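Visitor: What follows is each chain in one-letter form.
There are 4 protein chains.
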Amino acid sequence: MVQVTLVQIDNYGPWTVTPEPRREADLQALQAELYADLSRAFGSHGGTAFYNRFDNVVAVTDGTTEEDHRAIQRGIGNRYPVTVSMAVASHERPRHAVERATEMMQREGGAQDAARVEALAYDGGVHGDVQVAHFDVEDVTTQYTDRVDAFEATLSVQSAYTELSRLMWREHDSPTFFVGGDNYVSLTPGLAEQEFEGVLDAVEAATDVRLRVGVGESTSPERAGLSAKQGLEHSRERGVAVEFVRSPA
Amino acid sequence: MVQVTLVQIDNYGPWTVTPEPRREADLQALQAELYADLSRAFGSHGGTAFYNRFDNVVAVTDGTTEEDHRAIQRGIGNRYPVTVSMAVASHERPRHAVERATEMMQREGGAQDAARVEALAYDGGVHGDVQVAHFDVEDVTTQYTDRVDAFEATLSVQSAYTELSRLMWREHDSPTFFVGGDNYVSLTPGLAEQEFEGVLDAVEAATDVRLRVGVGESTSPERAGLSAKQGLEHSRERGVAVEFVRSPA
Amino acid sequence: MVQVTLVQIDNYGPWTVTPEPRREADLQALQAELYADLSRAFGSHGGTAFYNRFDNVVAVTDGTTEEDHRAIQRGIGNRYPVTVSMAVASHERPRHAVERATEMMQREGGAQDAARVEALAYDGGVHGDVQVAHFDVEDVTTQYTDRVDAFEATLSVQSAYTELSRLMWREHDSPTFFVGGDNYVSLTPGLAEQEFEGVLDAVEAATDVRLRVGVGESTSPERAGLSAKQGLEHSRERGVAVEFVRSPA
Amino acid sequence: MVQVTLVQIDNYGPWTVTPEPRREADLQALQAELYADLSRAFGSHGGTAFYNRFDNVVAVTDGTTEEDHRAIQRGIGNRYPVTVSMAVASHERPRHAVERATEMMQREGGAQDAARVEALAYDGGVHGDVQVAHFDVEDVTTQYTDRVDAFEATLSVQSAYTELSRLMWREHDSPTFFVGGDNYVSLTPGLAEQEFEGVLDAVEAATDVRLRVGVGESTSPERAGLSAKQGLEHSRERGVAVEFVRSPA
Chain A
0 MVQVTLVQID NYGPWTVTPE PRREADLQAL QAELYADLSR AFGSHGGTAF YNRFDNVVAV
60 TDGTTEEDHR AIQRGIGNRY PVTVSMAVAS HERPRHAVER ATEMMQREGG AQDAARVEAL
120 AYDGGVHGDV QVAHFDVEDV TTQYTDRVDA FEATLSVQSA YTELSRLMWR EHDSPTFFVG
180 GDNYVSLTPG LAEQEFEGVL DAVEAATDVR LRVGVGESTS PERAGLSAKQ GLEHSRERGV
240 AVEFVRSPA
Chain B
0 MVQVTLVQID NYGPWTVTPE PRREADLQAL QAELYADLSR AFGSHGGTAF YNRFDNVVAV
60 TDGTTEEDHR AIQRGIGNRY PVTVSMAVAS HERPRHAVER ATEMMQREGG AQDAARVEAL
120 AYDGGVHGDV QVAHFDVEDV TTQYTDRVDA FEATLSVQSA YTELSRLMWR EHDSPTFFVG
180 GDNYVSLTPG LAEQEFEGVL DAVEAATDVR LRVGVGESTS PERAGLSAKQ GLEHSRERGV
240 AVEFVRSPA
Chain C
0 MVQVTLVQID NYGPWTVTPE PRREADLQAL QAELYADLSR AFGSHGGTAF YNRFDNVVAV
60 TDGTTEEDHR AIQRGIGNRY PVTVSMAVAS HERPRHAVER ATEMMQREGG AQDAARVEAL
120 AYDGGVHGDV QVAHFDVEDV TTQYTDRVDA FEATLSVQSA YTELSRLMWR EHDSPTFFVG
180 GDNYVSLTPG LAEQEFEGVL DAVEAATDVR LRVGVGESTS PERAGLSAKQ GLEHSRERGV
240 AVEFVRSPA
Chain D
0 MVQVTLVQID NYGPWTVTPE PRREADLQAL QAELYADLSR AFGSHGGTAF YNRFDNVVAV
60 TDGTTEEDHR AIQRGIGNRY PVTVSMAVAS HERPRHAVER ATEMMQREGG AQDAARVEAL
120 AYDGGVHGDV QVAHFDVEDV TTQYTDRVDA FEATLSVQSA YTELSRLMWR EHDSPTFFVG
180 GDNYVSLTPG LAEQEFEGVL DAVEAATDVR LRVGVGESTS PERAGLSAKQ GLEHSRERGV
240 AVEFVRSPA
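Top line first, the protein sequences correspond to chains A, B, C and D.
Using numbering that gives the first Met the number 0, read the first sequence as starting at 0 and increasing by one per residue.
Using numbering that gives the first Met the number 0, read the second sequence as starting at 0 and increasing by one per residue.
Using numbering that gives the first Met the number 0, read the third sequence as starting at 0 and increasing by one per residue.
Using numbering that gives the first Met the number 0, read the fourth sequence as starting at 0 and increasing by one per residue.
In case anyone wonders, no lab produced these hints; they're calculated from the structure.
Bear in mind the structure is a predicted one, so any value in this text is a computation, not a measurement.
It is possible that part of the hints are untrue.
One-sided excerpt, in silico: chain B residues whose CB lies under 10 Å from chain A [as the list claims (entries may be wrong)]:
id, residue
1, GLU32
2, TYR34
3, GLY45
4, GLY46
5, TYR50
6, ASP135
7, THR153
8, GLU232
Among chain C residues calculated to face chain B with C-beta under 10 Å, some are [stated by the list, open to error]:
id, residue
9, ARG21
10, ALA24
11, ASP36
12, ARG73
13, GLY76
14, TYR79
15, VAL81
16, PRO188
17, LEU190
18, ALA191
FRET-style restraints, in silico, Cβ to Cβ [stated by the list, open to error]:
id, chain 1, residue 1, chain 2, residue 2, range
19, D, VAL239, A, THR17, 56 to 62 Å
20, C, PRO80, D, THR218, 28 to 34 Å
21, B, GLU19, C, MET0, 34 to 40 Å
22, B, GLU66, A, THR17, 34 to 40 Å
23, A, ARG106, B, ASP200, 32 to 38 Å
Idealized CB from N, CA, C, for every residue including glycine.
Let the hints inform the model, and build the full structure from the sequences given.
Guide: This is the structure:
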């Protein structure tokens with residue numbers, strides 16, 4: 000059971016070119032600041048925000064109430080030249096929570112609908128066990144970062160990420176997010192070790208990039224995420240592909 | 000002729016798990032803040048930073064001197080718990096500038112080499128005409144954002160980006176960067192209209208995603224970037240696939 | 000009854016000059032970022048942080064638990080080159096809460112004691128009614144900002160603030176904070192209208208600056224603060240010196 | 000000769016209460032972020048911004064051109080819900096530069112004049128030798144921070160600052176800024192050692208607080224500021240009240 004929040008900047012596309020195209024360096028700084036802000040805001044309630052596409056952030060937000068969301072939304076409106084709308088949904092399977100939040104958001108109005116301003120659609124509140132998977136690339140530094148040029152490294156990481164995301168979403172109902180470097184995080188619905196092994200093999204077959212994964216389980220997404228990272232550290236030390244860590248309640 | 004700066008966080012991977020894995024929400028906020036900071040810093044000298052992989056930022060920095068780089072680097076060291084190393088190279092072809100900067104960075108030490116702290120390798124300084132291409136997806140809002148679920152939209156955008164990046168890099172010596180939403184920016188070595196058309200067709204053939212592109216040309220990367228956005232606006236209004244804008248000196 | 004948190008940067012003075020004096024522009028940006036961060040972090044739990052002396056922030060934090068404090072503290076440590084210690088105390092009278100927090104902090108070690116790292120002394124948790132007073136200068140724009148030079152305006156505001164702070168602290172057990180422009184906020188222990196009138200008269204007698212005040216009362220500091228601002232708006236419209244607003248629970 | 004920039008948020012007072020009073024925690028974060036941003040922006044051109052009253056920032060900006068100012072102003076407009084106006088003036092005596100910038104700003108419209116939006120009045124450009132004085136309190140940690148309560152410490156620091164500012168402004172044509180903790184910085188017009196000694200004695204006579212000062216001289220405000228800090232370090236080590244450092248060109 001996971002609560003997911005979809006955050007969308009209201010009418011952002013038109014704003015970036017009104018009255019004329021705004022400087023890219025300013026837009027990049029704005030988007031990154033806004034994302035950092037959402038990371039801190041959801042983080043202060045034990046959640047985690049993923050930048051996804053920057054104008055469209057997905058966060059896992061168990062424990063963040065409707066009132067908390069309203070305060071975060073109002074805070075953004077008070078500190079940025081743009082506003083955000085939010086949709087919050089809970090579901091056993093992370094994919095369905097994302098899909099439900101997306102439907103709720105679309106019912107409030109399109110991303111370029113000037114009438115949608117600070118909409119908040121909330122249907123969250125039920126929590127339970129969370130499973131988080133943290134992937135990275137085996138030996139990325141020696142194999143990629145320090146050997147080929149930086150851009151080819153990015154291309155390889157990119158391909159593996161696209162393949163991983165597609166598999167996790169379509170076959171395992173799991174949204175996957177890039178979190179920097181060669182790291183990706185999936186919200187997973189209680190998958191088993193052999194399912195992760197199958198995914199790692201399929202990504203390698205398709206892209207020649209070998210991944211590892213740590214899997215964390217807990218009653219809170221933050222602790223599940225930390226356990227997943229510990230799992231990844233253990234898998235590195237022990238030379239195994241998949242490592243589970245269950246954090247105490 | 001373009002000057003490119005590669006920025007790499009020193010020994011970042013080990014830091015994120017020392018003494019134990021740090022909270023993901025904090026790392027996301029840190030990375031996004033650091034990137035926002037680099038965007039503003041290079042932006043204040045007329046350049047633009049691209050987040051690339053977050054721990055590995057590439058910036059186009061014509062007009063930013065070695066001393067400016069040193070000041071930006073020292074400022075990061077004074078305000079963050081991590082330091083950054085930088086390598087700066089100029090070349091006629093953007094790809095070669097990135098490759099040269101990468102080699103220079105690697106000569107300073109690996110990304111996880113604890114001895115590499117605030118290295119600065121500078122071989123820039125020569126400037127000239129810059130060509131920037133700004134791509135987006137035709138009708139992304141009606142076709143993707145407001146119709147399918149947010150995550151499938153991300154997957155489509157992701158595939159198109161991976162394909163576009165690969166083509167631009169391998170066949171046109173052009174690094175390409177995701178700049179949020181469905182927008183990508185390439186640094187291009189004076190490509191012609193039919194070359195862009197070939198790329199758009201190839202991306203569509205491979206991924207079913209139809210892109211448009213505005214191409215800006217100027218003596219400064221900032222003005223070239225703004226011209227590229229204006230070109231994209233014009234292409235949208237006029238219903239054409241490729242639109243060039245040459246900004247006055 | 001109010002819960003107050005004292006936040007102190009650990010060993011900050013020595014850090015600013017090690018290995019040699021750091022650039023002032025960097026230190027100013029660091030301090031302001033850190034303060035903005037604390038504002039958002041306590042704000043996300045319904046509290047408010049006051050910058051006080053930058054290296055020594057005081058926050059009213061009813062509703063922020065010991066665990067929340069620990070998470071905020073750890074987040075700072077993960078995103079800044081410095082760490083902070085915190086002391087949290089509750090008391091009927093705001094002054095005594097500040098004094099108690101100060102004693103608790105000092106027991107953890109001095110501000111330049113290298114051994115004090117991320118100390119957290121917590122003795123909060125009891126809440127109740129909160130009274131907040133929001134002061135500003137009558138007609139500051141026409142009388143000061145747009146007439147005399149900016150610096151003389153600052154000097155006048157400064158004098159009034161020093162006088163107000165001294166009176167509120169010594170005679171009314173109320174800490175007072177500058178919140179920008181010509182605005183000051185006091186945490187007050189249920190003062191009556193005539194007590195505020197006495198303070199306004201005394202400040203005017205000493206400094207020739209005439210203040211107004213809105214007083215908010217609520218069970219939460221955030222709502223009390225908003226009510227205080229509404230009171231100030233009302234006092235401006237109605238031309239009175241003191242205006243109370245009690246927010247519904 | 001010093002170039003000074005006055006930055007004022009446009010129509011800020013009315014904005015903070017429209018449509019109703021905004022949450023103080025959000026305003027504090029906004030103001031601090033905006034100030035941090037100005038610190039970085041002017042800092043990237045070798046200048047330093049002082050927060051003054053938050054809505055009214057004064058910066059020393061030798062070397063920041065009119066075009067740089069325009070870019071900083073536009074960047075603020077692109078990333079914040081508010082805009083800023085700027086006035087830039089150069090003068091031999093820092094006080095007269097501030098006064099001239101203030102007059103220029105007022106001619107553009109009042110601080111609450113809704114018609115003044117992103118005004119930029121520029122009359123800078125001439126540079127020369129800069130003298131900067133950096134003051135702090137002798138033994139502040141042992142005498143104040145770790146002994147009396149935090150708020151009394153603030154009151155003492157506050158009184159000394161008000162007295163110092165008044166003397167420096169009225170008798171020595173020098174604007175003085177609080178930079179955090181117990182530190183103040185003055186822009187001074189080539190004062191001599193005995194003039195500083197006179198100021199320190201007068202502040203002590205009026206407030207019982209004993210200050211020290213380091214004085215830096217250079218052709219750039221940044222280097223002058225760093226020299227002033229080195230001077231302060233030397234004065235601490237050598238137990239003297241005033242220490243001059245002249246940095247090489």
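Visitor: Does C/GLY76 hold up as a contact with chain B if the rule is Cβ-Cβ below 10 Å?
Guide: Hint on C/GLY76: holds, closest Cβ of chain B at ~8 Å, below 10 Å.
Visitor: Is the distance from the Cβ of B/GLU19 to the Cβ of C/MET0 consistent with 34 to 40 Å?
Guide: 37 Å, holds
Visitor: Would the hint on C/PRO188 be counted as holding, given a Cβ-Cβ threshold of 10 Å to chain B?
Guide: 37 Å, violated
Visitor: Measuring from the C-beta of C/LEU190 to each C-beta in chain B, is the shortest one below 10 Å?
Guide: Hint violated; C/LEU190 Cβ to chain B Cβ min 39 Å, cut 10 Å.
Visitor: Given the hint of 56 to 62 Å, check if D/VAL239 and A/THR17 actually sit that far apart at their C-beta atoms.
Guide: About 59 Å separates the Cβ atoms of D/VAL239 and A/THR17, which means 56 to 62 Å holds.
Visitor: With 10 Å as the cut and Cβ atoms as the points, is C/VAL81 at the interface with chain B?
Guide: 9 Å, holds
Visitor: For the restraint on C/ALA24, tell me whether the closest CB of chain B is nearer than 10 Å.
Guide: 8 Å, holds
Visitor: Minimum Cβ distance from B/GLY46 to chain A below 10 Å?
Guide: 7 Å, holds
Visitor: A closest beta-carbon separation below 10 Å is what the hint needs, so does B/TYR50 meet it against chain A?
Guide: Holds. Min distance 7 Å.
Visitor: Take the shortest C-beta to C-beta distance between C/ALA191 and chain B; is it under 10 Å?
Guide: 44 Å, violated
Visitor: Close enough to count: is the Cβ of B/GLY45 nearer than 10 Å to one in chain A?
Guide: 9 Å, holds
Visitor: Please verify that hint: B/GLU32, Cβ, nearest Cβ of chain A, below 10 Å or not.
Guide: 5 Å, holds
This entry does not satisfy hints 16, 17, 18, going by the numbered hints stated previously.
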